[in-house]
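Order-wise, the sequence lines are chains A and B.
FYI, this note's numbering numbers position 13 of the first sequence as 13, with every residue one higher than the one before it.
FYI, this note's numbering numbers position 209 of the second sequence as 209, with every residue one higher than the one before it.
You may find that some hints are simply not true.
Unchecked claim - To give an idea of the chain A side of the interface with chain B (calculated C-beta under 7 angstroms), a few residues: (1) SER5; (2) ASN8; (3) LEU10; (4) GLU33; (5) ASP47.
If you are wondering where the hints come from, they were derived from the structure by calculation, not from laboratory data.
For clarity, every value in this text was computed on a predicted model and none was experimentally measured.
Backbone N, C-alpha and C fix where the C-beta goes; we use that ideal spot for every residue, glycine too.
These are the residues of each chain, in order.
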Amino acid sequence: MQWGSFENFLAMGGYARYVWGSFGVTLVLLIGEVVLLRRRHEAALRDARRQAQLGGEA
Amino acid sequence: MNWFKYASPQTFYPLAGKLVPLFWVAALVLSAVGLYIGFFVAPTDFQQGESYRIIFIHVPAAWMSMFIYLVMAVWAAIGLVLNTRLSSMMATALAPTGALMTFIALWTGALWGRPTWGTWWVWDARLTSELILLFLYIGFMALHASIDEPRRADKAAAILAIVGVVNVPIIYFSVKWWNTLHQGASVSLTRAPSMASTMLLGMLVMAIAFWMYSIAAALTRVRSIILERERRSAWVGTLQEN
């Protein structure tokens with residue numbers, strides 16, 4: 001373990017805000033995309049099923 | 001095996017549904033391995049200290065931003081020439097993920113530029129052409145969204161995507177063609193990489209992780225697009241599962 005302590009790891013040799021600003025924002029954006037993808041798919045499934053029901057009654 | 005079978009949205013939808021979880025798992029496992037190598041195996045850089053660790057997302061995201069654009073343009077062109085709906089849907093599904101990768105490349109680049117160059121941003125060839133790539137993605141999505149009839153939207157957006165391809169080699173070779181603050185390629189096929197082998201390994205593992213993520217995201221999105229566009233056709237009505 002090259003960091004010695006967890007504090008050193010978090011400090012990133014003085015570059016904490018640049019390193020964690022990069023990794024943190026990337027993580028948030030990727031998770032955000034996954035959430036949006038999920039919501040879109042659920043909505044698309046709902047609409048498709050509703051459409052199928054309407055078609056069945058007509 | 002008849003590959004043309006999978007050119008129809010109806011047969012592609014369940015196939016993609018089977019593949020998507022595999023790509024998500026691969027993305028998660030490879031990111032974990034890549035981040036471990038990046039933070040705990042790769043040594044401190046003798047010039048840049050720990051700030052260089054931004055490379056483990058900056059370079060994979062930048063590669064994906066260009067590569068996704070090329071794939072998107074190829075699908076768009078196939079959809080335009082062969083009039084295959086699914087190809088155009090693939091192009092549409094890739095655009096938001098490509099734009100996201102472009103944004104991540106620009107964002108992490110700014111956060112890396114500040115400590116190493118002393119500035120968040122310069123209007124040099126590499127950075128400006130990457131910003132133009134972001135505008136191309138946004139333009140593609142906006143144009144597609146602005147036309148109601150899906151096939152007409154596909155065709156108009158395809159033209160934009162194809163014309164914009166010229167920007168990708170400009171980004172890639174910008175560091176050779178112009179004087180720029182941005183460093184040259186650290187990795188190339190023709191010579192040994194200019195970095196420690198564990199750094200390179202971490203970067204390549206993260207690059208494959210980003211690949212897997214992008215494929216999973218695009219396949220998930222194309223499935224939603226298929227449902228949205230085909231909801232009036234009979235097969236969608238018979239869908240039982242997700």
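Results for each hint:
1. SER5: 14 angstroms, violated
2. ASN8: 10 angstroms, violated
3. LEU10: 11 angstroms, violated
4. GLU33: With Cβ-Cβ at 6 angstroms, under 7 angstroms, it holds.
5. ASP47: Holds, about 6 angstroms.
Violated hints for the displayed structure, listed by number in ascending order: 1, 2 and 3.
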